[in-house]
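Chain L is fixed; fit chains P, R, Z, C and B onto it per the hints.
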Amino acid sequence: MDKEQTGVEWISGVIQSLGEMPFGWLSFVLLSGMGIAAFTTARIRAFELSAAAKRPLRAHPNTHAVFALLACLLPIVAALLVLSFVDGPIERRALVAELPARLSELPMVDLDRYLDGLDRASVSGPGQQVDVFDRAATDRLLELRGEVRAFGYLFALLAGAAGIFFALRIQTVDAPVRRYVERGVEIILQASAGLAVLVTLGILASLLVESFRFFSTVSPISFLFGLEWNAQSGRSFGAVPLFFGTLVVAVVAMCLAIPVGLFSAIYLSEYARPSTRRLIKPALEVLAGIPTVVYGFFAIVFMAPLVQWAATAINALPFIPDNFLAAQPSSALAAGLVLGIMTIPYISSLVDDVLTAVPQEYRQAGYALGSTQSELIRNILFPVALPGISAAILLAVSRAVGETMIVVMAAGQRPHITADVTSDMTTVTAQIVSLLTADTAFDSATTLSAFALGAALFATTLFFNQAALSVVRRMDLRHV
Amino acid sequence: MPDDTSTAPGTEPAATVSGRSVKISCRNVNVTYGTKRAIYDVSLDIPDRSVTALIGPSGCGKSSFMRCLNRMNDTIAGARVTGEILMNGIDVNSTGIDPVLLRASVGMVFQKPNPFAKSIFENVAYGPRIHALAEGKDALEAIVQKSLRRSGLWDEVKDRLEAPAASLSGGQQQRLCIARAIAISPEVILMDEPCSSLDPIATARIEELIDELRARYCIVIVTHSMQQAARVSQQTAFFHLGRLIEMSDTGRIFTNPVETQTQDYITGRFG
Amino acid sequence: MPDDTSTAPGTEPAATVSGRSVKISCRNVNVTYGTKRAIYDVSLDIPDRSVTALIGPSGCGKSSFMRCLNRMNDTIAGARVTGEILMNGIDVNSTGIDPVLLRASVGMVFQKPNPFAKSIFENVAYGPRIHALAEGKDALEAIVQKSLRRSGLWDEVKDRLEAPAASLSGGQQQRLCIARAIAISPEVILMDEPCSSLDPIATARIEELIDELRARYCIVIVTHSMQQAARVSQQTAFFHLGRLIEMSDTGRIFTNPVETQTQDYITGRFG
Amino acid sequence: MSEYRDADQETAWRSDISAGLARRRARENRFRLAGRSAVVFATLMLAALLASLFLLASSAFVRHELTLETRLSALATTDGSSPIADFTAAVRGDITDALPDIGDSLDAARDLSLMVPRLAIVAEAERQAAVLKTRGRAAPVTIPISDDIDLYLKGRSSAEFVREANAFVLTPSFAGAATLRVPPSGAGLLDRARAETEDGVLTSETPSLLFETDQGVWKGTAVSENNLMIEPLLGGLVGAPDTLVVSGRLRLLWTPETERVFSDRQAAMARWLQEDGLIRQGLNLRFFTGTDSTYPELAGILAALVGSLLTMVVTASLAVPIGIMAAVYLEEFARDGRLTRFIELNINNLAAVPSIIFGLLGVAVLLNLADLPRSAPLVGGLVLALLTLPTIIISARAALRTVPMDHRNAALAIGATRVQVVADHVLPLAMPGILTGSIIGLARALGETAPLLLIGMVAFVVEVPSGIRDEATTLPVLIFNWSKGAERAWEPLTAAAVVVLLALLLAINAFAVYLRNRLEQR
Amino acid sequence: MTEHIVSAYTDELEALSADILRMGGLAEAMTGDACEATVKSDDTLATMVVARDADVDALEADIERRIIEIIARRQPLARDLREVLSALKIANELERVGDLAKNIAKRAGVLEGFARRDVLKGIDRMGRAVTAQLSGVLDAFRNRDPARATKFWISDEDVDQLYNSYFREVLTYMIEDPRTIGDCAHILFMAKNLERIGDHATNIAEMIYFSVTGDYLSADDRPKADELPSPMDEGTPL
Amino acid sequence: MTEHIVSAYTDELEALSADILRMGGLAEAMTGDACEATVKSDDTLATMVVARDADVDALEADIERRIIEIIARRQPLARDLREVLSALKIANELERVGDLAKNIAKRAGVLEGFARRDVLKGIDRMGRAVTAQLSGVLDAFRNRDPARATKFWISDEDVDQLYNSYFREVLTYMIEDPRTIGDCAHILFMAKNLERIGDHATNIAEMIYFSVTGDYLSADDRPKADELPSPMDEGTPL
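Protein chains in written order, with my numbering: chain L, 1040 to 1519; chain P, 48 to 318; chain R, 48 to 318; chain Z, -19 to 502; chain C, -6 to 231; chain B, -6 to 231.
Simulated from the structure, these hints should not be mistaken for lab results.
Predicted model only: the values in this text are computed from it and were never measured.
Possibly wrong hints are sitting among the right ones.
[To be verified] Derived, one-sided and incomplete: chain Z residues facing chain R with beta-carbon distance under 7 angstroms:
hint	residue
1	R315
2	N389
3	A393
4	A396
5	H405
6	L409
7	M411
[As the list claims (entries may be wrong)] Restricting the straight-line Cα-Cα distance to at most 20 angstroms, the calculated cross-link-like pairs of lysine to any residue (SDA-like) are:
hint	chain 1	residue 1	chain 2	residue 2
8	P	K184	Z	D(-4)
9	C	K82	B	E62
10	P	K159	R	K159
11	R	K184	L	S1089
12	L	K1093	L	V1171
13	R	K165	Z	L407
14	B	K82	C	A22
15	P	K184	Z	T114
Glycine residues also receive a C-beta, built at the ideal position from the N, C-alpha and C atoms.
Extracted from the complex, chain L is given alone in its bound form (with noise of 0.2 angstroms):
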């Protein structure tokens, strides 16, 4: 009995302590030592059925070892990814059954807040919560979190176990294992390519899911036209002044990005000498690896109050009205020169990317006809890169209108047309982040028209890229 007892608490404890350990680190011994496990058996059979046939197996005795790994990791692999979806569910729904009335009839949200707080403590470890039942609660939780992983590990094992047998079963000295393999292999890496199509999948369904929801309290027509904007009271939500704002930054950033960049990659891969090009090139580069909030950082501490300053003094100027232009600390401007700041590195590379690709038989053959450098480059080089650089500065402007942290950091928050680029706008990006990061219940309009915003500006990105995208191809097919 007493033996029993302790029996019963080592499991017990087994089990507690199992629900304490990581999911991750349980999950990676199970699948290294099943695979192992798998890999080994498999191989010393292959040889053995070999040794026995006296001939080589129709595939080689690693593939036979490859296929058991797959036949035992894959149902592991499956049912620990189950496990993990319906482990919450099934812990939260013994606990709640648990719990005194108090707690398990408290209206979904708050018991949802309260498990959470479980859930963390359980995580972090039970020792610093305060409240005894609550303690209690966790432990319990801990426990039966630990059933069900048991439950759940020892189903996995299982089936690991099955898929080992399965393969052994299987092999033979003539078995097409090698098929199988292949087969197997490539359905796995179909499904990891299949992974971007449900990533944009998962983009349009949110995006339009929301921005549903948004359109049946607020009018498509007054959120496309409508000329104020005024989110934060769920007031008006005319989204004009944030078009208008992302276009005059945008307009700005590529006003000094594109001549600058094309330019510069003309110099770097025609003229530059292959030192010089060793040295600027990675600089280029690491302005291109620089983050975006680092440039938002910038244009705050040195942009904005340059640009600040200079307008002032234009309207310091004589015969200029002193209010002429707005030098507001935050400025369209600054954010837009920033941003192309931040862009010339991109449209540099991608046009120097071009031209390197142009094939160096349009060189010589230039050069032999006694062009100078830049007519070759004009009239040869540019009229067969021009896709391509048409391609990279539509990935600009899309890059440009898709920036977020220099505007939400330089722009400024207000929403109003106006041409003074010196004045504070605001820009759809920044506003979806303004929307999100406030402390607003998720289903207000408020919050629901930031995917509003998010789908407008998914659709226009989309718009260019697809149009550099189609570009690129004809020039593909110019080429082959």
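This is chains P, R, Z, C and B only, laid out in the frame that chain L set:
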């Protein structure tokens, strides 16, 4: 036993080679790429209005040598050319010579057909246009037509001058490149293995064209096909390891060469 | 006036060709790529232990045809092969034939030398290894050595088997590729213009090697150099526009071909 | 043409070309100049960016600390009840003791307490307690001083001019005030101050003049040509009836008191303590070991760094393998079909979708639908994984494409299966490129901010996260948060965080380059 | 036959062919003239024939040199190769024809004092037959006509017959009048030379046949060889 | 000379050379045997010589076929080309030598009943000289020795001198005894044939010289032509 038709390295410039006036006279030409020496003290005379073939195994320096003649080595970083290359008596490497001008009088055709990604017409018109050789559209069209006729392409393309050059076959593209080269009325045409990417039929067409062109131009052709050199050239120079081994009339080179190295290479006995 | 050595399209399989037993027998082979037909009704017999050359102008289908023999066309999207290709009497296109196993008995050498980016040893050892042809390190080394010897490369590389294959010259790389192909002891070796990127000396070496190998293997070589076909092969098949025009002993093809098309092509009179 | 070949026409042809040559050469030079200027501009911008950041950041890596010999008893004796309050009082007492009489005005007390924020003392108290517990003896007490004072001492708050002399003539007047006759060496300072005043009256709107002696500090109230009316600020003369000559130091604080965040008294105290060696400059270790705080002097990046690390672990472990597998599928296995083209289209589009859209995806799907915890590295990592996936796929495909077809053909022709072709030949060759691309993609993810804002990683996190489900923030988000800080001290701190981030990215990229070179050598 | 893509090649082959024909014409004329000089005792004509042999020799050397160059430079194959090699051999045959004609002409000078002119009629007859054969063969060469070549290849039998009967005739004269033995010996050699010219013409016909068809004419192709009884058995003049 | 990279090519050229030598040996033996059969009236030997001509002909056809194939397949250049073309011509010359030897052998049969055997000593003498010349030339071919070839090319003068004196001798016999005219005519032709075999040997020597050096032997290279007075003027036996 070198006779009058073969040029031993280092001799004085001759006024004629095999009865043809000398167009290009090279004396002690050396080429280095970085620290690697590609050409050692090559001296030879290239006659006008005939085809001179440069042959030799891979890496023998024949292409490097040819690229000296229109200073295409200038476009390679680290290339250094010394020695005297006189074209019409003027040293092409002297500082007063603008390579642009030089290349306008020395056309070049490359290993792979490399027409520009433009129309057939524009490909031929490009050279005359940048050098402002034609005043007005008619004059330009005349030049294009004449060049295409000379390159034997006119009948094949006259109805589709605006079609992209890439729509032509490989052999036609190469002939287009020749038309492009002769459109700026060069005095010399350099060809760097012009048929190595073509099949025997296209090759034969190009060879026929070269044979026709030699009535007007001084043609230098690099080829690693001895047979092609034999078929197409009047003089042949054999290079080996960066040195000129022998230069002589093609018939002589292929029936009775002076140097053992030449003989061994030609009969397939090398190494 | 076809005589017994030339195979007219559509005839019944012969047991021998020019006194050699037939290794591969093709009947009414057609190949289409997408909607483009590359090969029309080709029937021919390829004898064992000799070199059979496939010649013809660019796009004549000679490469496409060769790629049927080891089902490399399978790797091209949209390629469809019909007709009967019997190797040792078994149709290579039948569903029971695993292309992987087929390719293990039909070696292939490509236009550009394409050694793996591994050491010389690993290049040759790769095939035997994946097909589990050698048990143990010694057996593997023996295979590698034998293959390298047969390809005439052993003396040149025996001291640096661990050097990367890329450190070899172009011609040596191609011979390494041949060594790699024979390491899995194939019955047939296909060569797709194996010398087109090599200079005459390296070419001669490969040709010498091919000549030695024919004592053991059935070799099929595609070349667009007629001279090479003449030098290296015992049988020559001439393709034109996807059809087999004539197949005969090489000597006969090059001195007295039956078909006018063949004669025109060989003497440079085409088109 | 042949007309050109005629001897006399030939010269005409040559001169034709030569004539145009000068014009063409000029155009050539203009074109080249445009290119060169573009490159110079781009490099200049990079230099401006880096220079401004590094200049700003340079002051954040050191800071001023108060080092005290505070009684151990204050800690040792108190146990349990409220040791921190005692410790605070003890610290304050020590500071007061070190200073001359500060009087007992409320202003003075406030100035003092603001100079050493309570939170800083609390933190130090905890540290001391911990040290005591483990080592059995107390460590020297070091407490960061207020960020405003720190900035002042670093000379970043106000322009300051100092004249030292030993011939000041002090004539006491009433109530401790006095008239100071300034020797000629200090006259310039007086003139400068006087120019900013109306009638020489120094107010809180004008620059401040402080006079320091070893007895105390006076503050100027009015200034004339070489006289300064002063009143005591700290300490002062005790019952000195007559004019006396003292040596001292005249200090002109250029920024008016109202326009700065510290008072004249605080300035005086800080300088006094600095003179005494109690305030010393030290390495700002807390910046690396501390977590976020509302006080700049206490704020550190550790939590954000760990948060970034955890997020990256999640991102890397998902995006890299899946990305490589997807790339391998598309390049090596997929037949050119409608499905493949559709997948490719998706990937190409995803690569150019603005990152913020992924944030929206995270909000809608991961937070709301899948009910994953907000602000957790798990979600952040997932979002960033989705974000980098297309980039990794594209760069991996590019790397796979650089492997010549020849290698595949060679392996196929030898009887290798597709998997063998990929595993034995293609992947080893493409690996340098794939890894470099992946690492660079991850580096980009490391710098990503916008989507993380949306999924709540913008939260104020004081605890160093210990798991991927904990609340966390990341370095870029921290930079964003700090950049919004109102106090000026945030600016250098933000810059310093930026520098750390950039250094991290540089290190990662350098690693990628190293890796590529290593692998390619093999 | 269509032209080569490289027209210079066609040109070279045609020039070669033309020179062969020129050489053939020369040799044929020399043969005819030598016989005429013999019959008419025309010393000048005989001297001229002797002089012309140098031209034929020069032509042959030139043709041979060019053929070597064509083989080296054009690498002729198939029909071109056969044509070039046949040309080489035909030039060789024609050079020998020239030599033989020269020999006849030289002997014609010796015979100047020979009284029995009627004996020389045989030379005239044989000369006509041989020049006809030569000219026919050259015609076949000009037209690349294997049938015509075969015809003249067969007709060599007639020349042989003529020679055999003439040989007996001259022997008879010698026996009749031993003083003429010296001269008649020359006449015998002349006849023999003519017979050998006929043989050379036959060889040329064989070459033409080979060049065009790629096959060799063999003894079986000579129908008369079976139809006619052999004109002489072992022991008759050869 | 080093070997070709393609060893089969070297093998083919060497086999060709060996067959030429074999053919030369055959022709030389036939010449010698034919003379012996004549001198010794050995009918069997004569028949054998006649029969062996077919071998020579077959060998020549085979060599010619192989040469065409070598030219077609190997595209020989420079020295190889000269060698192959020389081989072609040498084979042709040797074939003619064979023909001439056969002719001598046939005539030997006719002479069986000829009584004045002493007259035939000249044939013996000439036969020795000619076979020596032939064998020397073949030796030069074997060793690719242009000097040796030149030597035997010059020595043809001796054969010609032998022939001229023998011709006069036989004529004398004929005049002395007109009954022998028929047989002596045959002897004249035999001598002429031997002289022509000598000519062919000379031609072969020329070919060897050309093949090795690439140059032609011209009349100027024959020193004796100037040193000795011409052995016969116009009108002497030819």
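Going through the hints against the structure:
1. For R315 (chain Z), the interface hint holds, since its Cβ comes within 7 angstroms of a Cβ in chain R; the closest pair sits about 5 angstroms apart.
2. About 6 angstroms separates the beta-carbon of N389 (chain Z) from the nearest beta-carbon of chain R, less than 7 angstroms, and the hint is met.
3. Nearest Cβ of chain R to the Cβ of A393 (chain Z): about 4 angstroms, under the 7 angstroms cut. The hint holds.
4. Taking 7 angstroms as the C-beta cut-off, the interface hint given for A396 (chain Z) holds, the closest approach to chain R being about 6 angstroms.
5. Look at H405 (chain Z): its Cβ gets to within about 6 angstroms of chain R, closer than 7 angstroms, so that hint holds up.
6. Hint on L409 (chain Z) holds. Least Cβ distance to chain R is approximately 5 angstroms, under the 7 angstroms limit.
7. Interface restraint check for M411 (chain Z): the shortest CB-CB distance to chain R comes to about 11 angstroms, outside 7 angstroms, so the restraint is violated.
8. Annotation: proposed proximity of K184 (chain P) to D(-4) (chain Z) holds, straight-line Cα distance about 17 angstroms (limit 20 angstroms).
9. As the CA atoms of K82 (chain C) and E62 (chain B) are separated by approximately 16 angstroms, the hinted pair is consistent with the 20 angstroms bound.
10. For the hint linking K159 (chain P) to K159 (chain R), the alpha-carbon distance of about 16 angstroms falls within 20 angstroms, and the restraint holds.
11. Straight-line distance between C-alpha atoms of K184 (chain R) and S1089 (chain L) comes to about 19 angstroms, which keeps the hinted pair within the 20 angstroms bound.
12. Pair hint K1093 (chain L) plus V1171 (chain L) does not hold up; C-alpha atoms about 71 angstroms apart against a cutoff of 20 angstroms.
13. Distance restraint check for K165 (chain R) and L407 (chain Z): the Cα-Cα separation of roughly 13 angstroms lies within the 20 angstroms cut-off, and the hinted pair is therefore satisfied.
14. At most 20 angstroms may separate the alpha-carbon atoms for a hinted pair to count; K82 (chain B) and A22 (chain C) exceed this at roughly 26 angstroms.
15. Using a Cα cut-off of 20 angstroms, the hinted pair K184 (chain P) and T114 (chain Z) is violated, with the two alpha carbons roughly 95 angstroms apart.
Violated hints for the displayed structure, listed by number in ascending order: 7, 12, 14 and 15.
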